[in-house]
Amino acid sequence: EENTQPFSNSIGLPSIEPGADISCIVKMDSRIGLDYIVENREYISKLGTALDTSNAVVKKQVFELLSALCAYNADGYARAIETLEFYKNLKNERYRFKIVINELEKASNVEYQVALLAFINCVIISASNLQDRIRVRNEFIGLKVLPLLNNLRKVAQSVGDIIVQLDVFDEQRECDEAQSLQGPSGINLNSHLDVFYAILRQVADTPQEVPFLSILQHLLRIDPKEAISDVIWDTTEKLVHRATLLESHEDSVRILRSPSVQKFSCPHCRGEATSPSRKNAASLSTSASSQLHNGPLSPIASPPPPPPPL
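Heads up: the sequence shown begins at 3 in my numbering, then just goes up one per residue.
Hint data in this document are derived by calculation from the structure and do not stem from the laboratory. Beta carbons are placed, not taken as given, at the ideal position from N, Cα and C, and that holds for glycine. Keep in mind that the hints are not guaranteed to be accurate.
Quick list of the computed label-pair ranges, beta carbon to beta carbon [stated by the list, open to error]:
| no. | residue 1 | residue 2 | range |
| --- | --- | --- | --- |
| 1 | SER216 | ASP54 | 21 to 31 Å |
| 2 | LEU241 | ALA80 | 36 to 46 Å |
| 3 | GLU249 | SER160 | 49 to 59 Å |
| 4 | ALA180 | LEU248 | 41 to 51 Å |
| 5 | SER254 | ALA80 | 25 to 35 Å |
| 6 | ALA180 | ASN111 | 29 to 39 Å |
| 7 | ILE217 | GLU95 | 38 to 48 Å |
| 8 | ARG203 | GLU179 | 35 to 45 Å |
| 9 | LEU195 | SER160 | 18 to 28 Å |
| 10 | THR55 | VAL157 | 50 to 60 Å |
| 11 | GLY144 | ASP253 | 27 to 37 Å |
| 12 | ARG256 | VAL157 | 28 to 38 Å |
| 13 | LEU92 | GLU228 | 32 to 42 Å |
Lysine-lysine pairs mimicking DSSO-like chemistry, simulated, CA-CA at most 30 Å apart [said to hold, decoys possible]:
| no. | residue 1 | residue 2 |
| --- | --- | --- |
| 14 | LYS146 | LYS93 |
| 15 | LYS93 | LYS108 |
| 16 | LYS48 | LYS156 |
| 17 | LYS240 | LYS108 |
| 18 | LYS100 | LYS227 |
| 19 | LYS156 | LYS227 |
| 20 | LYS100 | LYS146 |
| 21 | LYS156 | LYS240 |
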């Protein structure tokens, strides 16, 4: 018989009552429980394992607790994320927020739906800065959360708590997007195509068009069907961001640690690719680079289209 007692009671923490305000939870008796979780990382495995159940009552309690951790402090936020990472590894999942989307898709209980929506908002809003908020939100968007939210808004028009959470998501997204649109005039920084063509216009007919095309060719080799592609994209984003902050050649040397021996030094570019798409892209890369050195890029009016946005 499945346990229907509040999850937090079963592990020695003050219970989180349905509909309780997170800020009140943080300020009252549960502060002791939250401090305990923050100070004891081994508790992550207990929370992550507790999510591996068919008992919606238990999962609801866990997500309410994770929301409270996100809002508590930076260390609490880290523990909440680590809990989802633990569950992801436990179930051999590819994405850490996939469980949230899966639960929201099949949840029929209104209180559980509210708890899941509140967690999505908490984990986004409690991120440390604008860039992190956008990154976390985009993780959910990549997992197709927007159609789910739109459907909930249609079917739950009379459920005030759900509408409140949906409004919070939309308002916070609009606010963050407005802050992020600080690029050159006329460029929508949230549009893949606008940004791509803006960069192309900047480097066309300059020496920088050669490395720009090379960068695109390398990115084209990333196979989205391979699990390692997530690591590649995340690493690429961090390295490119660090590169844009360079102020001297010495800074560049520190990032690049060891210089490349030759132009294409990775094994994939030598015909040892692990997937057909990388092999094909490697051939394309070599051919296109040769053409580029023998002539200029195509006119700006008809640039080659980038890969479709994810």
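Each hint, compared with the structure:
1. SER216 to ASP54: 21 to 31 Å: Once the Cβ atoms are compared, 45 Å apart, the range 21 to 31 Å for ASP54 and SER216 is violated.
2. LEU241 to ALA80: 36 to 46 Å: This hint is violated: roughly 23 Å between Cβ atoms.
3. GLU249 to SER160: 49 to 59 Å: 57 Å, holds
4. ALA180 to LEU248: 41 to 51 Å: Because 29 Å falls outside the window, the suggested range is violated.
5. SER254 to ALA80: 25 to 35 Å: 31 Å, holds
6. ALA180 to ASN111: 29 to 39 Å: 35 Å, holds
7. ILE217 to GLU95: 38 to 48 Å: 30 Å, violated
8. ARG203 to GLU179: 35 to 45 Å: Once the Cβ atoms are compared, 23 Å apart, the range 35 to 45 Å for GLU179 and ARG203 is violated.
9. LEU195 to SER160: 18 to 28 Å: 39 Å, violated
10. THR55 to VAL157: 50 to 60 Å: 26 Å, violated
11. GLY144 to ASP253: 27 to 37 Å: 32 Å, holds
12. ARG256 to VAL157: 28 to 38 Å: 54 Å, violated
13. LEU92 to GLU228: 32 to 42 Å: 21 Å, violated
14. LYS146 to LYS93: Distance ~20 Å between LYS146 and LYS93 Cα, so the pair holds.
15. LYS93 to LYS108: 18 Å, holds
16. LYS48 to LYS156: Cα-Cα ~36 Å, so violated.
17. LYS240 to LYS108: 35 Å, violated
18. LYS100 to LYS227: Within the cut-off at roughly 16 Å; holds.
19. LYS156 to LYS227: 33 Å, violated
20. LYS100 to LYS146: 10 Å, holds
21. LYS156 to LYS240: 38 Å, violated
Hints 1, 2, 4, 7, 8, 9, 10, 12, 13, 16, 17, 19, 21, counting from the list given before, are not met by this structure.
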